[in-house]
Every structure is written in structure tokens, then in C-alpha cells.
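Asker: Going line by line, the protein sequences match chains A and B. Each residue of the first sequence is one higher than the one before, counting from 1 in our numbering. Each residue of the second sequence is one higher than the one before, counting from 1 in our numbering.
For the record, the hints were derived by calculation from the structure and aren't laboratory data. Do not take every clue at face value.
In silico DSS-like pairs for lysine-lysine, Cα to Cα no more than 27 Å straight-line [as the list claims (entries may be wrong)]:
#1 B:Lys240 x A:Lys61
#2 B:Lys113 x A:Lys226
#3 A:Lys129 x B:Lys55
#4 B:Lys29 x B:Lys110
#5 A:Lys226 x B:Lys138
#6 B:Lys110 x B:Lys180
#7 A:Lys129 x B:Lys138
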Amino acid sequence: MSIEYIISMITNNWPMFLRGAGMTLLISIIGTIFGAVIGLLAGVIRTIPTPERKLKRIVLKIVNLILSVYIEFFRGTPMLVQAMVIFYGSALAFGIDMDRTMAAIFIVSINTGAYMAEIVRGGVISIDKGQFEAAQAIGMNHFQTMWSVVLPQVIRNILPATGNQFIINIKDTSVLNVIGVTELYFQAKTVAGISFKYFEPFFIACILYFVMTFTVTLILRYIERKLDGPENYSMIGQPPPQLMLTKSNTNID
Amino acid sequence: MQNVIEVQHLSKSFGNHEVLKDIDFSVNKGEVVCIIGSSGSGKSTLLRCINLLEKPSGGQIIYHGENILDEKHDIHAYRKKLGMVFQQFNLFNNHNVLSNCMVGQVKVIKRSKEDAEKVALKYLKVVGMDQYVNAKPKQLSGGQKQRVAIARALSMEPDVMLFDEPTSALDPEMVGEVLKVMKELAGTGLTMLIVTHEMEFAKEVADRVVFMDKGVIAEEGTPEQIFNNPKEDRTKAFLKRTLS
Ligand SMILES: Nc1ncnc2c1ncn2[C@@H]1O[C@H](COP(=O)(O)OP(=O)(O)OP(=O)(O)O)[C@@H](O)[C@H]1O
Ligand SMILES: [Mg+2]
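Please construct the entire structure, taking both the sequences and the accompanying hints into account.
Answerer: Below, the structure is given as C-alpha cells:
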């Protein structure tokens with residue numbers, strides 16, 4: 001085990017490591033994005049105020065119950081086991097041979113979704129009640145209130161937690177080697193199997209994992225700063241109204 | 001006189017605590033009504049019931065001849081016709097001053113962004129905040145926030161403006177700037193319903209003063225009647241406490 005050996009291992013096997021790291025990134029990026037969307041949807045649904053009408057109330061109750069079961073189940077079982085159950089289970093039950101990468105993305109997404117749903121719910125609860133009331137008072141319904149007022153603030157507030165989840169995903173995709181996904185850990189294991197060396201390939205994998213997670217951390221910090229906007233604002237003298245929209249960054253979508 | 005909102009036999013309980021008892025009350029078009037009364041008498045609850053932030057336990061709220069407590073009634077359509085100004089301002093933290101005044105117009109009234117911006121600027125000018133269009137709420141003083149909140153409500157061009165102690169959360173030196181804006185608005189014929197502890201202000205701008213005590217309207221009349229010749233003992237006692 002020498003520096004030279006590690007360097008020669010990299011020069012000989014870099015396509016494998018790179019492909020592994022690429023696969024890890026792909027699965028964790030898509031998984032985190034889908035998971036965040038699932039989490040936002042679930043979070044919005046779970047914070048709908050109890051409706052007046054009986055039928056709507058019952059429908060909402062049932063939907064909430066399903067969401068709770070989903071969240072508790074996926075938070076409460078290891079992703080490794082879920083991967084086995086879903087991948088081999090789908091083959092057994094429906095005779096589908098899932099594409100391994102698709103299966104991996106699917107598992108990471110629903111797993112992240114379960115965590116994000118709780119993070120989003122916490123984020124919504126922590127928004128000042130006055131923000132909801134002001135939105136309602138100008139006639140917005142629940143979804144308008146969420147979309148234009150609450151969620152932008154929630155997203156800003158949960159960004160650190162989402163970044164955390166992203167980093168966990170980068171690391172935890174390593175368990176997906178059990179269903180044969182060619183992510184970084186799988187590739188390191190393969191290199192180890194070929195070369196009969198164990199420390200070096202895993203050491204290289206370790207460095208690559210850290211480079212990925214730390215890069216994500218830095219990018220997220222940057223985004224956070226961007227979202228917070230400038231510390232200062234500029235006073236407007238006599239603004240020509242036509243120019244204002246582009247200049248003043250109204251964030252109404 | 002045409003009334004804009006009429007409240008009939010309105011009651012509201014939180015659990016077994018009856019906060020409003022059989023309130024009958026109306027606001028006429030163009031009228032400025034001030035609601036006064038001691039803390040806990042139900043003033044905020046009445047205002048919040050009127051725009052349905054609280055669900056009344058009983059009674060009716062008649063708006064344009066329709067009972068808006070009827071299940072079929074579209075409460076969002078009703079609410080957009082009432083402007084609300086809160087004690088704690090409640091500006092949208094994620095929007096700057098201009099888009100605070102635009103977002104409701106664009107989302108709820110479906111105005112184009114161009115029209116919404118013109119309207120927003122018009123009312124920001126009325127409250128003297130048109131220079132701050134780019135500022136975020138956290139960059140403003142309390143008085144400035146409240147003036148933007150008033151402009152936001154006005155931008156919806158409501159039938160009635162409801163104010164719930166708009167100056168109570170302000171430092172004393174900022175109370176004046178907000179009251180000044182409200183006085184100007186009162187002079188334009190806007191219909192206003194104002195909960196306030198500012199007795200001088202009420203005396204000056206109100207067409208009618210409503211005195212609430214323990215969940216009922218104890219007395220109402222012109223400012224002259226209420227402040228100079230109160231009939232009820234509780235009104236007298238309240239005024240003695242607050243004016244001394
Ligand atoms: N959400 C609530 N849940 C339970 N009780 C409430 C709630 N809101 C108000 N109350 C009670 O209702 C009563 C009237 O409150 P309200 O806020 O309407 O008084 P107010 O006249 O506006 O007083 P203040 O001048 O202090 O603002 C109080 O006793 C209060 O404790
Ligand atoms: Mg109050």
C-alpha cells in the first residue's frame with residue numbers, strides 16, 4: 001500500500017470509478033429531486049385545513065391516512081431491505097424484471113419523499129400563522145396560499161435539511177449494490193475483486209464520496225445565499241412604470 | 001343608506017367560552033365605524049368573524065343580500081372584497097413591497113401583471129411607500145410595514161377595509177404616520193371598520209362609534225354621543241379608565 005500503488009490503481013481503473021461515481025450522483029440527484037417533490041406534495045396535502053363538507057372531509061381523511069402509512073413505513077424500514085423487497089418482489093409478483101437503475105431511482109425517491117414529507121410539514125407548521133391569514137384575507141385559497149406565500153418560505157427554510165438528505169442519499173446509494181446497481185461502492189468492490197486489494201479501491205471510493213458530498217454542501221450554501229437576496233434595496237425616485245417589472249424582480253408565478 | 005355588511009345575531013364561542021353574544025350590527029357604504037372596548041371584549045373576534053378567519057358559531061352575515069355563512073357561498077370571492085389590516089402587519093415575507101401589493105391582484109382577481117403593477121403603485125403612492133418597491137418586509141420599520149399592508153389591502157379595491165388595531169404594535173413615533181394615512185383614506189369616502197385604542201383618532205374620523213363590552217355591543221352612536229354623552233354606565237366607566 002503505497003501512494004504509487006493507489007495512483008496506478010486510479011490510472012488503470014478510473015473509468016470504473018468515474019462511472020460508479022456518476023451513477024451514484026445520478027441516482028441521488030434524481031432521487032432527491034423526486035423525493036423533494038413527493039415531500040412537498042405530501043406536505044401540502046397534510047396541511048389542508050379540515051373542510052366543511054362531510055364528503056370532502058372523509059376523502060381528505062383517507063388520503064391523509066394513506067400518506068401516514070407511506071411515511072411511517074418507509075421511514076421505519078431500512079432502504080437496503082426495501083430495495084430487496086421491491087426489486088425481487090416485483091419480479092416475483094408481477095414477473096417484471098425492473099431495470100436496476102430505475103429501481104434504484106424509484107427506491108431512493110420514495111424513501112426521500114417519506115423523510116421530506118415530514119420535513120415539509122415541519123416547515124409549513126413553523127411559518128407564522130399571520131402569513132396564512134393575510135393570504136386568506138385577500139381571498140387566496142389553500143393552494144394559492146401555499147404556492148405564492150408559504151412554500152417559497154418553506155423551501156428556503158428546509159433547504160439545509162434537503163441538502164442533508166441529498167448527502168445522505170449520496171452515501172446511502174451504496175446499499176443498492178445489493179440489487180446490482182453499478183454505483184460507486186459496487187465498482188470499488190469490483191475493482192477489489194479483480195485486484196485482490198481491498199484498502200486501495202475503497203480508499204479511492206471514500207475520497208470520491210467526500211468530494212461529491214462536499215461539493216453539494218458548497219453548492220447549497222451558494223444557493224442559500226442567492227435566495228436570501230441582496231442585503232440592501234435601492235430607493236426608486238420616480239420610476240417609469242414600464243421598466244419596473246424587470247427591475248424589481250416581482251416573484252409572482 | 002345602503003349597508004355593505006350586515007351582521008345578525010352573530011355569536012362565537014371558543015369551547016365553552018362565549019366570546020360574542022348575539023351581535024347585531026351593520027356598516028353602511030362610505031361610513032367609518034370605530035369599534036372600541038376593553039381588552040378581551042371581543043373586538044378582534046368580531047372583525048375576524050366578519051371576514052371568516054374565525055367561523056361564527058351562530059347568526060348570519062349578510063353581504064349584498066346574501067348570507068355568506070351559507071355553505072354554498074364562495075368565501076374566497078367574498079374575502080377578496082374585504083381588505084384586512086392586521087396588528088402584526090403580516091406582509092408576505094417572501095415578496096418585496098411591490099409584489100406584496102400585486103400577488104393578490106394577479107392570483108385572486110386575475111389581473112395582468114401590468115395592470116396589477118399600476119394599481120399597486122397607485123396605492124403605494126397613497127400611503128407614501130412608492131419609493132420602497134424593491135425593499136423586502138424585513139428591511140422596513142413597523143410604520144412602513146403597516147403602510148404597505150394598507151396599500152396591499154387597497155390594491156384589491158375592496159368594498160370595505162377592516163383594521164384590527166393597526167397601530168398597537170407600533171413604536172409611538174410611528175403611530176402618527178399610519179393614522180395620517182387612515183385619516184386621508186377616511187376622507188375619500190372609503191368604507192372602513194376600525195378596531196382601535198386611539199380615542200382621539202376615533203373621535204376625529206369616525207361617523208359612528210361602537211362600544212363593545214364582554215361580547216356584546218353595549219352602546220353605539222356618533223362620536224359626540226359616545227364620548228361626550230355616554231348613556232350606559234359601562235361606557236362611562238370604560239371612557240374614564242382610558243381617557244384619564
Ligand atoms: N383562538 C382563540 N381560542 C380561544 N379563545 C380565544 C381565541 N381568540 C380569542 N379568544 C378569547 O376571546 C376573547 C375575546 O378576544 P378578542 O381578541 O376578540 O378581544 P379584543 O377585544 O380584541 O381584545 P384586545 O383589545 O386585547 O385585542 C378573549 O377572552 C380571548 O381570550
Ligand atoms: Mg384584539
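Asker: Has the given pair, Lys226 (chain A) with Lys138 (chain B), been kept, meaning a C-alpha gap of at most 27 Å?
Answerer: Holds, at about 17 Å.
Asker: Between Lys113 (chain B) and Lys226 (chain A), does the CA-CA distance stay at or below 27 Å?
Answerer: holds, 25 Å
Asker: Are the Cα atoms of Lys110 (chain B) and Lys180 (chain B) separated by 27 Å or less?
Answerer: violated, 31 Å
Asker: For Lys129 (chain A) and Lys138 (chain B), compute the direct alpha-carbon distance and say whether it is at most 27 Å.
Answerer: holds, 17 Å
Asker: Is it true that the CA of Lys240 (chain B) sits at most 27 Å from the CA of Lys61 (chain A)?
Answerer: The given pair, whose Cα atoms are some 53 Å apart, is violated under the 27 Å limit.
Asker: Given the hint that Lys129 (chain A) pairs with Lys55 (chain B), test it: the Cα-Cα distance must not exceed 27 Å.
Answerer: Holds. Lys129 (chain A) to Lys55 (chain B) sits at ~16 Å (cutoff 27 Å).
Asker: Mind checking the alpha carbons of Lys29 (chain B) and Lys110 (chain B) for me, to see if they're no more than 27 Å apart?
Answerer: holds, 26 Å
Of the numbered hints stated above, those contradicted by the structure are hints 1, 6, listed in ascending order.
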